[in-house]
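There are 2 protein chains.
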Amino acid sequence: MKRSATRLADGRELIYFSAAGTGADELAAVEDRRPPGQRPPASEIRYDPLLDEWVAVAAHRQARVVLPSSEACPLCPSTADRATEIPAADYEVVAFENRFPAFGDAGGVLAGDGDGVDRRRPGTGRCEVVCFTADHEASFARLSLDQVRLVVDVWADRTTDLAARPGVEQVFCFENRGEEIGVSLRHPHGQIHAFPFVAPRTRQMLRTAEAHRRRTGRSVFADVLAAEQAAGMRVVASNTSWTAFVPSFARWPFEVHVYPHRQVPDIPALSDAERDAFGPVYLDVLRRLDAVYGLAMPYVAAWHQAPVHHDRDLAHLHLQLFSNRRAPGLLKHPAGTEAAMGVFLNDVDPDQAARLLRAAPTD
Amino acid sequence: MKRSATRLADGRELIYFSAAGTGADELAAVEDRRPPGQRPPASEIRYDPLLDEWVAVAAHRQARVVLPSSEACPLCPSTADRATEIPAADYEVVAFENRFPAFGDAGGVLAGDGDGVDRRRPGTGRCEVVCFTADHEASFARLSLDQVRLVVDVWADRTTDLAARPGVEQVFCFENRGEEIGVSLRHPHGQIHAFPFVAPRTRQMLRTAEAHRRRTGRSVFADVLAAEQAAGMRVVASNTSWTAFVPSFARWPFEVHVYPHRQVPDIPALSDAERDAFGPVYLDVLRRLDAVYGLAMPYVAAWHQAPVHHDRDLAHLHLQLFSNRRAPGLLKHPAGTEAAMGVFLNDVDPDQAARLLRAAPTD
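So the protein sequences, as listed, match chains A and B. Numbering follows the numbering used here, with no gaps: position 192 of the first sequence is 182. Numbering follows the numbering used here, with no gaps: position 137 of the second sequence is 127.
The following block holds chain A by itself, in its conformation from the complex (with noise of 0.2 Å):
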């Protein structure tokens, strides 16, 4: 893989990659060729001592463009008529920081703990997009075994990179698709957030596993990945080093969990083998995913890696993908019981999810 940085007019940082080892320098000379523009405020973090979480405030988002005509995408290639956030006239990945972050430069490391209760501070780290493809009317589910791969070495160096900076303690790298779960620009693309704490959801996850080791010895997420292969019934998809099933404890409609089998903290530390690896059992599922209702599945693809400074060798990398359809025409809604209380109802049986995917085509 090739990589080659260049800078906005607005001074945000953006990256060509390219999978044949070219082009990726040519790329980055084009000059964006928008008037030098002011970045957006540092956004804020506020800690809410009932729960312990930190929320990040970041108004300035609320100006971002939602759901543009494709013929003002800001993520396609610059034409000669139309300059987007990508200067060149094509790419093959590239990624860059986002114009609207919820973390950003703030100057520095955190500052220290207030005492009262009402402590802010700034919202340091960075967010980034990822663009999968040029092509506008592409998807994930649709991309070549070569171009996954070169997204997986995309998440792998961005996530290097992020989390060598001062004051990150989390990379969190993802995909929101479908307009259904809220996503505002319908290119193929993903994002990165590098969080300034460690998410309240990988904590306690860490914290389960913390009580499962010092209980039985075992690592909690080689229990549910052993468990569940050994199951079989709700394994979706699976080859040597990944295996892709639906929890029996899914919160969502349709929910799969892609694992690799070997523990590692997140993906850098993925071999070249597991890399090229994770794209036929990934392809496999979002292909049975669409091919369920027969229509575009509205997903969130998470990857849960490890903390950066803290509990590498407790966490196991693994992906989350779930869909809020719950049926062609019904969204799951996640309203009082999920978001005030955390209690997940879940009106598919997991087991009957895995069967519908289990007999979906993948083409």
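Where hints are given, some of them may not hold.
Said to hold, decoys possible - Over 10 Å on every C-beta distance to chain B, these chain A residues come out as not near it, computed from the model:
(1) Arg24
(2) Arg36
(3) Arg110
What the hints assert, rightly or not - Now the stretches of chain B that chain A is said to cover, found in silico as 3 or more residues with beta-carbon under 8 Å:
(4) 28 to 42
(5) 309 to 322
(6) 327 to 338
FYI, nobody ran anything at the bench for these hints, they're computed from the structure. Note that CB positions come from ideal geometry on N, CA and C, so glycine has one too.
The hints should help you fit chain B onto chain A, whose structure is shown.
Below, chain B without anything else, positioned relative to chain A:
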């Protein structure tokens, strides 16, 4: 308050409540004219060993009615032509067992824990629907103070009753309002879930409250309330017994917490005077919420009550009200960052949300 219970044709319990102290018995004497039906099968809870949380699986809920026309509303009183869920021709407030419960009578208390990672138990508990008024076109914000007081008494009655049942660990009273948040019936109503476990958010809150008490000797809830009262700028409404404020750490575009000044574990512990004083503050908040954009806002109103069997001295009853509307045409969708990682990005500064609510007309 007068209460009178009856049974629907399929055996579900229904209770009429009357403020005046008359009429409930007459209503309860009206028989359900529908043929005897089958009650749905019990649901199941599944254990998530990664997060140490239970997930409810209730596949029969897929069959529930979504957004019927007002002529087909199952929560309106019955008429000569049409038998609804409520057999009587009118009512003040009525509570009944949900036809599509996520938790239900499952023949006794929970079985003991298994040791494997795929652990399943019957979804013991109960789900009830509470109709706030017989008027299909009303809303909670438009109830009279007397009606609100009756609803508070009903919440107290149901909490006491459900908490006394075997296997129930927490009682959750809430209202989801608006299609934008997933409500499937427009008639003004709320729901009550009797959980066979303590909700994850409650558990986290109590863990934090305990650490705060150990460290400071004080209640974290009282500290938050006192800090917001002292700051003043985010207080939306208050009287001698209650204060409603936008917390500085609000996760949602519009979020208001309503606290009784006295630390009580749950609604049944509220005094007569406190119950009377709730309506004026809460109605003020709800009316401001609808006035901010001049349109009926979708919202979740969730009562955070103490667990039934422990930590009742740590908890502090409060109502969490939040809307997912971030602008007239735009909703906040909890996608990858929120749903997978528990990291909330709020596009509306809570200080600004408070300013908008404080400036909004109340009629």
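Consistency of the hints with the structure:
no., hint, verdict
1, Arg24, "holds (24 Å)"
2, Arg36, "violated (4 Å)"
3, Arg110, "violated (7 Å)"
4, 28 to 42, "holds (count 7)"
5, 309 to 322, "holds (count 7)"
6, 327 to 338, "holds (count 11)"
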